[in-house]
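Q: Given next are the chains, with one letter for each unit.
Number of protein chains: 6
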Amino acid sequence: MSQPLASLSPRPDGRAPDELRPVSITRGFTKYAEGSVLMEAGGTRVLCTASVTPGVPPFLRGKGEGWVTAEYGMLPRATGTRTDREAAKGKQTGRTQEIQRLIGRSLRAVVDRRKLGEFTIQIDCDVLQADGGTRCASITGAWVALRDAVDKMLREHMIEEDPILAQVSAVSVGMWEGEPVLDFNYIEDSHSDTDMNVVMTSLGGFVEIQGTAEGTPFTEDDLMKLLALAKKGNARLAELQREALAKPL
Amino acid sequence: MSQPLASLSPRPDGRAPDELRPVSITRGFTKYAEGSVLMEAGGTRVLCTASVTPGVPPFLRGKGEGWVTAEYGMLPRATGTRTDREAAKGKQTGRTQEIQRLIGRSLRAVVDRRKLGEFTIQIDCDVLQADGGTRCASITGAWVALRDAVDKMLREHMIEEDPILAQVSAVSVGMWEGEPVLDFNYIEDSHSDTDMNVVMTSLGGFVEIQGTAEGTPFTEDDLMKLLALAKKGNARLAELQREALAKPL
Amino acid sequence: MSQPLASLSPRPDGRAPDELRPVSITRGFTKYAEGSVLMEAGGTRVLCTASVTPGVPPFLRGKGEGWVTAEYGMLPRATGTRTDREAAKGKQTGRTQEIQRLIGRSLRAVVDRRKLGEFTIQIDCDVLQADGGTRCASITGAWVALRDAVDKMLREHMIEEDPILAQVSAVSVGMWEGEPVLDFNYIEDSHSDTDMNVVMTSLGGFVEIQGTAEGTPFTEDDLMKLLALAKKGNARLAELQREALAKPL
Amino acid sequence: MSQPLASLSPRPDGRAPDELRPVSITRGFTKYAEGSVLMEAGGTRVLCTASVTPGVPPFLRGKGEGWVTAEYGMLPRATGTRTDREAAKGKQTGRTQEIQRLIGRSLRAVVDRRKLGEFTIQIDCDVLQADGGTRCASITGAWVALRDAVDKMLREHMIEEDPILAQVSAVSVGMWEGEPVLDFNYIEDSHSDTDMNVVMTSLGGFVEIQGTAEGTPFTEDDLMKLLALAKKGNARLAELQREALAKPL
Amino acid sequence: MSQPLASLSPRPDGRAPDELRPVSITRGFTKYAEGSVLMEAGGTRVLCTASVTPGVPPFLRGKGEGWVTAEYGMLPRATGTRTDREAAKGKQTGRTQEIQRLIGRSLRAVVDRRKLGEFTIQIDCDVLQADGGTRCASITGAWVALRDAVDKMLREHMIEEDPILAQVSAVSVGMWEGEPVLDFNYIEDSHSDTDMNVVMTSLGGFVEIQGTAEGTPFTEDDLMKLLALAKKGNARLAELQREALAKPL
Amino acid sequence: MSQPLASLSPRPDGRAPDELRPVSITRGFTKYAEGSVLMEAGGTRVLCTASVTPGVPPFLRGKGEGWVTAEYGMLPRATGTRTDREAAKGKQTGRTQEIQRLIGRSLRAVVDRRKLGEFTIQIDCDVLQADGGTRCASITGAWVALRDAVDKMLREHMIEEDPILAQVSAVSVGMWEGEPVLDFNYIEDSHSDTDMNVVMTSLGGFVEIQGTAEGTPFTEDDLMKLLALAKKGNARLAELQREALAKPL
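Heads up: the protein sequence lines correspond to chains A, B, C, D, E and F, in order.
Heads up: the first sequence at position 177 corresponds to 177 in the working numbering, and the numbers run straight through without jumps.
Heads up: the second sequence at position 87 corresponds to 87 in the working numbering, and the numbers run straight through without jumps.
Heads up: the third sequence at position 70 corresponds to 70 in the working numbering, and the numbers run straight through without jumps.
Heads up: the fourth sequence at position 2 corresponds to 2 in the working numbering, and the numbers run straight through without jumps.
Heads up: the fifth sequence at position 31 corresponds to 31 in the working numbering, and the numbers run straight through without jumps.
Heads up: the sixth sequence at position 91 corresponds to 91 in the working numbering, and the numbers run straight through without jumps.
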């Protein structure tokens with residue numbers, strides 16, 4: 001898996017099957033949030049902020065644990081044709097809720113909430129431009145925003161021990177023209193109804209696997225190949241997270 | 001995988017790691033729906049109905065295709081402590097929406113919608129009693145209700161060709177005391193935050209994989225074992241679906 | 001009124017004018033609720049649960065009294081054609097609210113709330129199959145669930161004195177082809193817009209009378225005959241409640 | 001029943017048991033509505049308007065019938081302590097919905113909808129000041145507004161035949177200190193949980209009977225006395241409606 | 001500006017350009033509210049009530065200050081054609097919210113909230129009949145209701161010092177056929193999309209200026225003339241407020 | 001007014017009283033929208049997009065006119081402390097609705113809707129970072145997005161004549177320490193409750209004036225000075241719009 005697979009059916013943007021889109025991780029993108037990251041993966045751009053507030057939701061009060069939760073949104077014209085504004089319609093779609101629950105679970109999987117103390121870290125992932133893979137970009141960017149927010153808490157002695165256990169990132173894989181490929185863009189995503197989002201830690205563990213084959217089901221063999229691609233993609237994203245954090249804020 | 005694994009840490013209800021709970025599939029449970037199935041898996045009981053209506057949603061009009069969609073609900077006292085009624089609160093939770101979207105996608109994966117014509121089949125899965133695995137029981141039972149509804153359509157010449165391509169069923173697998181086990185009940189589910197719902201066709205294809213490890217991530221080895229258990233469980237559920245359908249309605 | 005009236009215009013299901021549909025009252029239908037009753041009256045089937053929780057609503061706090069309240073719902077395919085799910089629409093209809101308020105008032109009329117202490121008993125009536133008279137079946141079944149829940153509270157010494165003052169049951173009466181008849185089924189109900197729901201205690205008192213004549217108004221004479229039928233029907237329902245309670249749970 | 005009953009336990013405002021509060025019916029209270037009536041009964045003041053619009057709701061289209069429907073509201077400070085504004089809370093209470101459904105049914109009971117043609121008459125009853133009996137005052141006043149609106153339709157040849165079959169009015173009766181009395185005011189209403197709203201036509205028929213005994217159930221004897229009081233009250237209200245209509249608008 | 005401008009293009013109701021419509025201010029219009037005023041300006045009639053309640057909203061707790069806030073509504077048939085009831089639709093329009101925020105701010109501008117103590121005065125402005133200028137009539141009438149409510153608080157020693165700093169009133173001005181005129185009625189308002197609402201204190205200060213020119217923009221010269229008309233109109237309204245208060249309640 | 005006023009009480013960021021914050025107008029900020037502008041004024045950053053869709057709202061159908069409308073939102077962490085997400089709360093605040101109505105009216109004031117044909121241009125203004133003056137920045141930026149979208153329509157012959165009549169821009173002015181100043185930032189805004197938003201065309205006409213003095217009312221003299229500052233500010237903003245448009249997209 002260490003070199004590009006032979007590409008039988010070329011991808012719309014000419015990438016190799018195991019090739020990520022260009023990634024850019026800009027920290028400190030807005031000024032107020034404790035962590036603020038513009039995550040770009042190809043044409044997908046997500047603003048991920050981490051907001052620290054004292055206190056926890058009622059179900060956790062008095063347990064000495066913290067909480068990490070997430071909300072997700074898309075600007076109405078993040079997409080090729082305008083999408084109705086959820087605030088105007090008065091409710092979030094099922095898709096939005098599903099994604100924000102996924103982001104929250106993924107980040108909590110790498111946080112020791114007892115070390116966080118009774119603080120809540122609220123992650124907001126807002127898609128400025130959508131070109132496929134927004135939930136994966138949200139998770140990958142949100143972890144960097146979380147890292148920055150936690151570092152600020154440590155510097156300011158709000159907490160004493162680092163509650164973050166590992167990095168977490170996410171990438172999509174799917175079947176393109178019958179072949180497994182890494183990191184669908186929008187065109188690929190809209191022409192395939194068989195894809196999988198894989199969330200992994202930097203230690204190689206699987207946090208979430210969400211595979212959907214509304215069209216042709218995955219065979220067991222496909223599944224193994226897709227998981228291998230996802231491992232490769234997430235390993236690269238973890239490197240990119242570290243590179244972004246190595247730069248001064 | 002053809003015989004029970006040695007059980008190092010016994011399961012709360014004494015089952016072997018690869019043992020399903022007792023399953024009962026009662027067809028014709030209520031009288032109006034075109035398909036109506038009471039699906040029971042251990043203490044979990046879900047009423048699955050399939051309602052056939054002419055016409056399709058706006059995004060499909062004029063394409064000559066049908067639609068299959070699902071809604072899910074739990075009666076307030078299906079659970080150990082009463083859950084608020086969603087109709088009274090005025091909205092469905094994110095969990096409910098996630099589940100109903102999953103049920104709909106799983107069934108659509110085994111339906112050739114062109115053969116369904118411009119009909120909508122609305123699946124309703126209502127949990128009368130919840131003891132773990134309600135989304136999997138919903139999918140497994142809903143497929144039987146769908147089968148009955150489609151058979152009625154064929155008998156009444158509403159459609160001429162069978163649009164159902166295969167059976168579909170779902171089962172949960174998860175890590176119990178560090179060991180992979182099949183078909184969590186509520187006690188197991190609530191003491192583990194690492195489980196996976198696997199939806200498969202009777203042809204052995206994977207339709208949906210939703211694995212979540214909010215606690216310890218899955219290793220690749222766990223993942224392979226969990227998938228093997230899920231294959232075994234779904235193969236047995238497909239047999240049970242066929243047995244139920246073999247009886248007169 | 002002790003023998004069947006001569007039936008001039010036969011009823012759709014051949015019953016005598018003063019004849020109830022077959023009734024079945026199954027206690028312990030689900031396992032978690034303190035009281036759980038499947039109430040069947042002809043083709044109508046309602047699952048009635050009673051859930052006991054400590055505490056009372058804000059307007060009663062500190063008064064040493066308890067509270068009994070009810071919610072009502074219909075599964076979407078409880079009816080001949082599918083009804084929209086209220087949870088998905090985001091609100092309960094006026095009809096639903098009217099019925100659940102009626103159920104709550106009817107039960108409170110036979111409870112001495114001072115003897116209940118600061119507990120709330122939440123009744124849920126969910127219609128699995130609707131064939132006319134669902135609100136009356138809900139009240140009659142809910143009282144049995146309430147009785148079981150209160151007996152459990154007494155056995156477990158949550159309360160010391162029985163707060164239930166009498167049985168309560170309900171039955172519909174209406175004008176069918178110009179004649180007063182007892183216990184409309186769905187066909188009768190949908191062909192008449194003149195009916196009355198009568199809630200009575202086992203001591204013969206009237207708790208609620210809701211008569212509606214959207215078509216031809218009731219004459220005073222009709223009214224007297226309808227009330228007489230209702231007395232007869234409720235007396236029989238009270239017997240059936242006692243018989244159900246006489247069996248071991 | 002033709003002369004005041006001996007009053008054993010005097011009523012808070014000194015009325016005889018069978019005495020209505022002073023009634024005032026002001027037609028043409030606002031200028032736009034086709035019928036606009038300020039209905040006053042004691043301290044209760046309700047503005048009832050009837051608005052005529054072409055067309056009917058979807059379920060009636062093409063049947064050649066009209067529709068009459070009603071909405072009800074209370075101004076926030078119509079009551080002794082301010083009530084939350086329903087528009088600001090974003091929903092109507094169950095009580096509001098119950099009342100507006102009652103008003104609509106009561107008026108439809110005296111309208112031959114085939115003679116109304118495909119018009120909708122929308123009744124709005126808005127309580128400016130509440131002192132008990134607002135739903136009864138709404139019905140009684142709304143009928144006068146309906147009469148004025150229909151007269152206007154006849155004058156303008158929108159319809160050719162009068163669709164109104166009879167007058168309709170409503171009055172409350174209840175048990176005050178163990179005695180049946182007519183037309184509760186707010187103090188009586190709030191100290192009794194046993195009352196009945198009786199809607200009758202001017203021809204003596206009963207349209208709606210809604211009796212509630214959340215406290216002590218009604219005996220059959222009480223019921224007969226209450227119905228007799230209601231007949232008397234409604235007969236007087238029908239006279240007052242005719243007197244109001246006899247004056248020039 | 002002390003005498004009527006020459007009217008080149010006559011106004012629909014024949015008024016001079018600087019002439020207010022007839023105003024009537026009726027105090028004590030309903031009986032429960034601490035202040036209750038029927039404000040009439042031409043065909044516009046608004047019921048303005050002021051309700052005093054102990055306590056303040058959370059953001060002010062413990063600061064020793066009071067709060068004044070407002071809600072606004074229109075009865076459905078206050079207008080020429082019926083408007084949907086906001087309570088039935090489940091939300092207030094943007095227009096309603098804009099107006100009620102304006103009323104609240106205008107009144108707070110003349111209240112020293114420290115002298116009000118921890119009380120909330122809730123203003124409700126409900127339009128019974130709309131003929132243009134409802135937001136201005138609401139402010140002008142609400143101030144009189146506020147004055148009555150505060151006087152009652154002073155008489156009952158709920159507060160010791162008068163928190164009201166000045167009178168406040170509002171009037172609309174706009175361009176009619178190219179000429180600046182005072183106090184648009186509905187016909188003028190609906191034929192012009194260039195108007196301005198001006199809220200002033202009795203001391204001559206400007207509290208709110210909301211000018212809108214969706215059609216032809218205002219020139220600087222127009223603006224000066226409109227402000228002059230508004231000053232004149234508000235001075236007259238302040239006189240009328242004082243006259244109303246001079247009468248016994 | 002052509003040179004800075006002597007600054008008696010220095011502004012928090014050292015600006016002269018008549019000095020705008022640094023402005024940056026970036027066209028083509030996102031790739032899908034027909035017009036997409038990142039408008040920055042000091043620390044305020046608003047993404048303004050213009051989306052062109054065929055068709056108009058129902059009230060305009062068949063009139064041959066187009067429509068321009070706007071929606072406004074703030075990302076949750078656009079502010080110093082996190083604001084609740086409107087989509088999650090299920091409704092837009094009154095403030096949001098007020099602002100989006102203002103943006104829509106301001107743009108429509110400079111569009112000849114007959115020349116736009118039956119197209120709707122939907123403006124979305126989403127605040128990425130808020131530092132005062134977000135509604136003014138939204139209007140100024142939205143006009144540039146509108147200009148780009150209309151130019152695209154002209155280039156693609158969707159319309160033949162330019163419907164844009166003039167530029168439109170907006171700026172805030174207010175009283176800072178008793179002195180009139182131009183273009184409040186957040187600190188100034190939050191320490192003053194006396195400010196005015198002034199929307200003007202590039203031809204010098206006033207489109208909207210929204211002045212609010214919740215604290216000390218404006219004198220007539222203040223008002224004149226504030227209007228003069230606003231004229232100066234808007235003239236400069238119009239220049240900056242032209243400069244931005246002069247650059248290649």
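Worth double-checking, as some hints may not be accurate.
[Said to hold, decoys possible] Result set (EDC-like, lysine to aspartate or glutamate): computed pairs, CA atoms no more than 16 Å apart in a straight line:
1. C:31 <-> B:19
2. E:91 <-> D:86
3. D:91 <-> C:98
4. E:152 <-> E:162
5. F:31 <-> A:161
[Unchecked claim] Simulated restraints, written as ranges between beta carbons of each label pair:
6. B:64 <-> D:159: 40 to 50 Å
7. C:10 <-> D:224: 23 to 33 Å
8. C:219 <-> D:89: 36 to 46 Å
9. B:64 <-> F:57: 48 to 58 Å
10. A:84 <-> C:219: 20 to 30 Å
[Said to hold, decoys possible] Sample of chain E residues facing chain D (criterion: CB under 10 Å; computed from the structure):
11. 10
12. 31
13. 73
14. 76
15. 78
16. 88
17. 89
18. 91
19. 95
20. 131
21. 225
What the hints contain is simulated information worked out from the structure, not anything from laboratory work.
These numbers were taken from a predicted model, which means no experiment stands behind them.
Where is the CB? At the ideal position from N, CA and C, for every residue including glycine.
Q: Starting from the hint list further up, note which numbers the structure goes against and sort them upward.
A: Of the numbered hints, 1, 5, 9, 10, 11, 19, 21 do not hold.
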